[in-house]
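Engineer: Residue numbers (this note's numbering), protein chains in the order written: chain A, 1 to 316; chain B, 317 to 586.
Be a bit skeptical, because a hint or two may be false.
No farther apart than 30 angstroms at their CA atoms in a straight line, the calculated lysine-lysine pairs in the DSSO-like style are these [unchecked claim]: (1) Lys417/B x Lys107/A; (2) Lys417/B x Lys302/A; (3) Lys335/B x Lys302/A; (4) Lys302/A x Lys546/B; (5) Lys546/B x Lys34/A; (6) Lys557/B x Lys208/A; (7) Lys34/A x Lys455/B; (8) Lys34/A x Lys335/B; (9) Lys455/B x Lys107/A.
Calculated from the structure, these hints are not laboratory results.
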Amino acid sequence: MEIESRTAIENASPILRPMGFGELLDTTFSLYRKNFLRYLGICSFYFFIMVIASLISLLNGSIPRHEWLAIWLPTLFVIFCIAIIVVNALMSATAQAYLVGNIATIKVFDLGVRRFFACFGGLLLYGLLAIITAILIVFPFGLISETLPMNYIFYVVLGLFYFLITIFIAAYFGTYWCFFAAAVLVEGKSIQDAIRRRRELVRRMSFKIVGTTMAIFLLYSVISFILRFSFSLLFALTGLINMAEFERKLGSLMFIQFPIIQDELNLLNILLYAINLSVDTITMPIWVIGAILLYFDQRIRKEGFDIEMVAERQGG
Amino acid sequence: MNEQLSVETPEQIDINYQKAGIGSRFYAALLDTSLLVFIMLVGTYVRIRFVTELGDILGNWLGAVGGIVIFALFWGYYMVFEITTNGQSPGKLALGLRVIKEGGYPISFADSAIRNLVRVVDFLPFFYGAGLFVMLINKNWQRLGDLAAGTLVVKTSRKSRKLTGVNSEISTPSVNISPQEFLYTDWIKPELVTESELSMIREYLSRRPTLSAIRRMELARTIGYPIAEKMESGSNIRYDKFLEEIYVLKTSEHPKTVQENDGRQLEPTE
């Protein structure tokens with residue numbers, strides 16, 4: 001895709017340059033807004049597969065357990081695969097939008113499917129590393145904490161510590177996977193080369209990069225929450241759903257979650273489910289765009305990628 | 317993605333601003349809110365720790381004053397900073413943002429008052445939900461308060477940044493080579509180097525220290541090869557050195573006042 005983008009660089013609208021923290025975040029939203037419908041189109045695949053999965057989830061309880069699991073586990077696997085393909089497509093689309101100025105939806109999906117196994121392998125690898133790291137860090141603290149006197153404050157501090165450690169590990173390996181996937185999708189690298197590329201780009205700057213990723217993810221989460229809460233509150237205020245029930249369900253709006261209908265099928269649950277899924281679909285591109293821009297920013301800073309692009313344009 | 321806003325002054329001078337988007341404004345707002353919360357927490361601590369010990373009458377009076385201070389802080393924080401620091405609250409200052417009038421002028425007290433009073437509407441239905449929505453659909457990323465006051469938030473100059481970009485005029489590489497060290501001056505033709513090529517070379521030389529040795533060579537070749545081809549050079553060139561020499565010759569005050577010495581080395585003429 002890099003070669004394609006270079007041939008089309010004459011039409012490229014953005015000026016590539018190293019970005020500061022605020023500029024990176026602002027460019028994320030500029031790209032998002034400029035290509036909103038394209039991104040929505042790509043994410044709609046995720047939306048449809050989740051709606052189908054939710055309908056399948058309604059079978060729970062009405063058929064025997066083993067039959068339910070026989071349907072549900074493959075469904076989960078398909079959702080996982082589709083989610084990877086959609087994220088791949090979003091990453092490729094962002095690279096196109098940033099370098100070339102427009103998005104070819106069919107091409108990005110084609111690339112997302114073709115590079116699926118490499119990204120899937122990378123996700124398994126980094127996921128496994130994240131789990132091992134979490135166990136190695138959390139386990140000794142668990143042993144130590146058992147020997148200490150327990151009180152309320154201690155539990156709160158320990159809980160907070162585990163929460164922050166988990167977030168950090170997730171962000172750390174999540175960032176690594178994003179850089180890995182970007183190398184696979186944008187540069188067409190193999191798994192081994194992509195791991196090497198990820199290492200090159202992140203070397204000596206991992207904390208800064210992980211910090212920026214966490215900032216992007218925080219922004220995405222806050223916007224998601226604001227949208228979920230605002231829409232739900234509007235429904236509650238218009239009397240569409242009961243205010244008391246809404247208050248009881250507030251917790252489900254706090255975090256990004258797997259939107260599967262598990263509770264009883266009433267108007268509140270369906271509306272909340274629809275809001276959660278719609279907001280997920282709309283906001284999903286934000287963190288992907290941010291991650292890809294961070295990848296390009298690293299290439300610009302560490303490799304002079306912007307200079308190279310301009311040189312190749314001028315050199316014909 | 318380079319969101320520029322061009323403003324023409326009554327003197328018909330175009331001033332370009334870079335619009336601030338949701339990302340930077342969110343973190344500026346987060347910093348300001350954190351600062352406000354911190355001040356209020358300190359105030360609450362002081363009230364609990366000291367004011368309650370002063371007795372009923374004095375304590376009540378000081379409690380009332382504290383309430384007024386909190387009210388003033390909540391409503392006046394942004395206004396005071398925006399007026400006194402030319403449109404920059406501490407959060408905006410940290411993120412390099414500034415509030416200006418749509419015509420490029422500094423904001424007045426009335427502008428600041430309007431944009432900050434309408435903040436309450438922006439906040440609805442929950443934590444700037446309305447403001448977020450309006451910013452997303454407004455081409456200048458203005459929230460309702462900005463629209464009401466005719467203001468917008470822009471980024472301040474990038475001059476303090478280390479890395480600037482190819483199209484920037486800011487980067488000034490330090491190239492310290494004496495004419496005796498020149499290798500390629502016998503066939504370098506500075507007049508064939510365009511301004512855009514020069515700005516690319518300038519950017520390369522200023523960012524060279526941050527690049528790895530291999531990457532430096534690759535990039536120098538990518539930039540230098542088409543230029544060397546134009547000058548009909550030989551094939552065995554150290555491109556990094558070649559670009560340095562072009563830059564020195566092109567930016568020197570009297571680039572053509574060098575003459576051949578022994579066929580390879582050159583000295584400036586007096």
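Engineer: Could you grab the alpha-carbon distance between Lys34/A and Lys335/B and see if it respects the 30 angstroms cut-off?
Structural biologist: Holds, at roughly 15 angstroms.
Engineer: Against the 30 angstroms threshold, does the CA-CA distance of Lys335/B and Lys302/A hold or violate the hint?
Structural biologist: 27 angstroms, holds
Engineer: Would the pair Lys417/B and Lys107/A pass a check requiring their Cα atoms to be no farther apart than 30 angstroms?
Structural biologist: Not satisfied, since the Cα-Cα distance of roughly 43 angstroms exceeds 30 angstroms.
Engineer: Is the hinted pair Lys557/B and Lys208/A satisfied, with a Cα-Cα distance of at most 30 angstroms?
Structural biologist: Since the Cα atoms of Lys557/B and Lys208/A sit roughly 33 angstroms apart, the hinted pair is violated (cutoff 30 angstroms).
Engineer: Within 30 angstroms, alpha carbon to alpha carbon, are Lys455/B and Lys107/A?
Structural biologist: Distance ~29 angstroms between Lys455/B and Lys107/A Cα, so the pair holds.
Engineer: Below or equal to 30 angstroms on CA atoms is what counts here, so check Lys417/B against Lys302/A.
Structural biologist: The hint is violated at about 38 angstroms.
Engineer: Between Lys34/A and Lys455/B, does the CA-CA distance stay at or below 30 angstroms?
Structural biologist: At roughly 10 angstroms apart (the allowed maximum being 30 angstroms), Lys455/B and Lys34/A satisfy the hint.
Engineer: Assess, step by step, whether the Cα of Lys302/A is no farther than 30 angstroms from the Cα of Lys546/B, and give holds or violated.
Structural biologist: 29 angstroms, holds
Engineer: Can the restraint linking Lys546/B and Lys34/A be considered satisfied, given a maximum Cα separation of 30 angstroms?
Structural biologist: Cα-Cα ~39 angstroms, so violated.
In summary, the numbered hints that this structure violates are 1, 2, 5 and 6.
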